[in-house]
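Chains as they are written, first to last, in this note's numbering: chain Y, 265 to 573; chain F, 3 to 227.
The hints are simulated quantities; they were obtained by calculation from the structure and are not laboratory data.
Misleading hints may appear alongside valid ones.
Below, simulated DSS-like cross-link-like pairs (lysine-lysine); rule was C-alpha separation at most 25 angstroms, straight line [stated by the list, open to error]:
{"id": "1", "chain 1": "Y", "residue 1": "K469", "chain 2": "Y", "residue 2": "K479"}
{"id": "2", "chain 1": "Y", "residue 1": "K388", "chain 2": "F", "residue 2": "K9"}
{"id": "3", "chain 1": "F", "residue 1": "K9", "chain 2": "Y", "residue 2": "K463"}
{"id": "4", "chain 1": "F", "residue 1": "K188", "chain 2": "Y", "residue 2": "K469"}
As a plain string of letters, each chain reads:
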Amino acid sequence: MSELKSGSNLEKVLNAGHFAFTGECGPPKGANVEHLVEKFKFLKGNVDAVNITDNQTAVVRMSSMAASALMVQEGMEPNFQMVCRDRNRLAIMSDILGAYALGIRNMLCLSGDHQTFGNHPEAKNVHDIDSMQLIRLVKTMREGKFMNGDDIDVAPKMFIGAACNPFADPYEFRVHRLANKIEAGADFIQTQCIFNMEKFRDFMKKVVDMGLHEKCYILAGVTPMKNAGMANFMSKFVPGMDIPDDLIKRLKSVDKKDQSEEGIKFALEQVEEFKGMEGVAGVHMMAIEWEHMVPEIAKRAGVLPRPQV
Amino acid sequence: MIVADRKSLEEILEMVEDCKKILIVGCKGCVTVCNVGGVKEVEILSSSLKIARKKAGIEIEIDMHTLERQCDNEYIEQIKETVNDYDAVVSMACGVGPQFLSEMYKDQKFFPALDTTFFGGATEHGVWEERCAGCGTCIIHKYDGLCPVARCAKSLLHGPCGGSSNSACEISKDTECVWDSIVRKKMEQGRLEDLLGVTEARDWRSARDGGPRRSIREELVQGNI
Ligand code: SF4
Ligand code: SF4
Chain Y
265 MSELKSGSNL EKVLNAGHFA FTGECGPPKG ANVEHLVEKF KFLKGNVDAV
315 NITDNQTAVV RMSSMAASAL MVQEGMEPNF QMVCRDRNRL AIMSDILGAY
365 ALGIRNMLCL SGDHQTFGNH PEAKNVHDID SMQLIRLVKT MREGKFMNGD
415 DIDVAPKMFI GAACNPFADP YEFRVHRLAN KIEAGADFIQ TQCIFNMEKF
465 RDFMKKVVDM GLHEKCYILA GVTPMKNAGM ANFMSKFVPG MDIPDDLIKR
515 LKSVDKKDQS EEGIKFALEQ VEEFKGMEGV AGVHMMAIEW EHMVPEIAKR
565 AGVLPRPQV
Chain F
3 MIVADRKSLE EILEMVEDCK KILIVGCKGC VTVCNVGGVK EVEILSSSLK
53 IARKKAGIEI EIDMHTLERQ CDNEYIEQIK ETVNDYDAVV SMACGVGPQF
103 LSEMYKDQKF FPALDTTFFG GATEHGVWEE RCAGCGTCII HKYDGLCPVA
153 RCAKSLLHGP CGGSSNSACE ISKDTECVWD SIVRKKMEQG RLEDLLGVTE
203 ARDWRSARDG GPRRSIREEL VQGNI
C-alpha cells in the first residue's frame, strides 16, 4: 500500500487492492433535492463512489458540486465530475476549492460534450483549458499551488480521475492519449461504456504492454442496456459509441419484456470478465436513469458487500 | 481571407425600413474574393431591395459604390462628397467596413449587409472553411500546420476527444475532426511523440480575451520605412 493522496474511500478501496465498483447519478433538472436523495438510496452501500455528472450531454441540471455536496451530507462518497466547457480557469480553481471545502474528495476531469448536443445550443463554450490541462491543474492544486504558482492556503487534496474512450478514433492513438492523461496526473481512469469486448480486450493488452495499469487504476465502464431500442439509439446517435451488431441482435432475439433482463445479463458477463482481466482495477457501472436497478446488479455481480476500508 | 455571408434580404429591409435613399458600399477585398460583397453582389442587393420595396409600395432610391478596400481610410475618404446625401449607408464589407466608415463619418448611419464569419479559404468552388481564429499567438508549428484552436470544436490542445468518430467531429458528421487529421499526419510521418506530454495552458491575452487588440509597427509609425 502506498501513501494516500486524498484519503477518499475510492482511493482506499483501490489502494487496498479491492476490485472497485463505482456508480453514477445525474442531478435533477431542477432543485428537487428529495428526488435526488431518493436516487442516492439505491447506490448507498452498493458502490464505492458515485459519479455526479456535470450538465451531461450539455443539458442544464443542478450543479455537480451542489449535488456532490448533498451526497456527502447523506454519508456517501461522490466523484465530482467537472467539464471544461462551462468554466474558465478562475471558475475551475474556485470550484475545486469549494468542492474540497464541502467534503468532496474525488474528481473526474472531462472536456465535456459540445453544447450543440444540449438544450442551450446557443451558449458560448469556454474551453480555456482542456481536460489534460485540468488533470494537471488538479494535481498542481493538490500540491498546494494555483495555476499561476501562488500558494494555496489548505490545498484541495483530490483523488484525480479522467475518462478514456477506447472506441473513439483514431484507435491507434487512444492508448497514447491514456498514457498522456496518466502523465498529466490521473490517479484513476473510468472508460467510456464498453460494448465491444473484443476491441476492449485488445486495448487492455496494449495498456498492459505499456505498463499503464501499474501507474493508474483503470475502471471499465459498463452500461446495462434496457432494450434493443436503446442499443440502436446509442449506436446511431451517440458519437464515439461502439455497439456491435451481435449485441443488438442478442437483445432483439428475446421478447421485448425480457430485453432488459438480457441487457443486465450481458452487463454481468462483462463484469465477470473484467474481474479477471489483467489491468482492470474495477468497474464503473453507469445505469443511466436506472439507479433503482443498481442494488440488484451489484448483488448479482457478486460485488457485495463493498469493502470497508 | 476574411469570409462572410450575406444577411437575408428581410433583415436588410428591416434595417433600411425608414430610409428613402441609401448608398450601398461594396469592397474589392476579401468579400469580393468570397463572392459576397463586390461589385456584382452590390448590384444584386440593390435590385433585390428595390424590387421588394416597390412591391411593398414604398420605393427606395439606391446608389452604389464599391471601394478598393473598406479597411483603409485612404479609400473610405473617397465617398466624403456624397456620403451625407443618404438616409443611411449599407456596407457590404466585413465587420471592419461599417466601423471605419462610421468612425470617419460621424453624422451618417451605417448598416452591415454581411455576417462576418471567419478567416479561411475556399476548399472547393462555392465552399469556404475556417482555418484561423486570430488567437494572436500562432502555435500550429506543433501540429504540422493544422490549427486545433480554430478548428477543433473545443479548441483542445490534447485531442482528439472521446467524440471523434470516423474522422468527423462529434458536433456533426459533416465537420472534420482536425485532431484526427493531426494525429494521422503525425503517425504517417512517424512523429507521434510530438503529441505526447502536457502542453502548457494558453495565455489568452493575445486573443480577444485580453481586450481589443492593436498592432504597432514602430518603424512605420516613425516613418523610417
Ligand atoms: S494558432 Fe491562432 S493564429 Fe495560429 S492558425 Fe490557430 S487561431 Fe490562427
Ligand atoms: S471530435 Fe475532434 S474536432 Fe470535435 S471536439 Fe473532439 S477533438 Fe475537437
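Violated hints, by number in ascending order, as checked against the structure: Hint 3 contradicted; others consistent.
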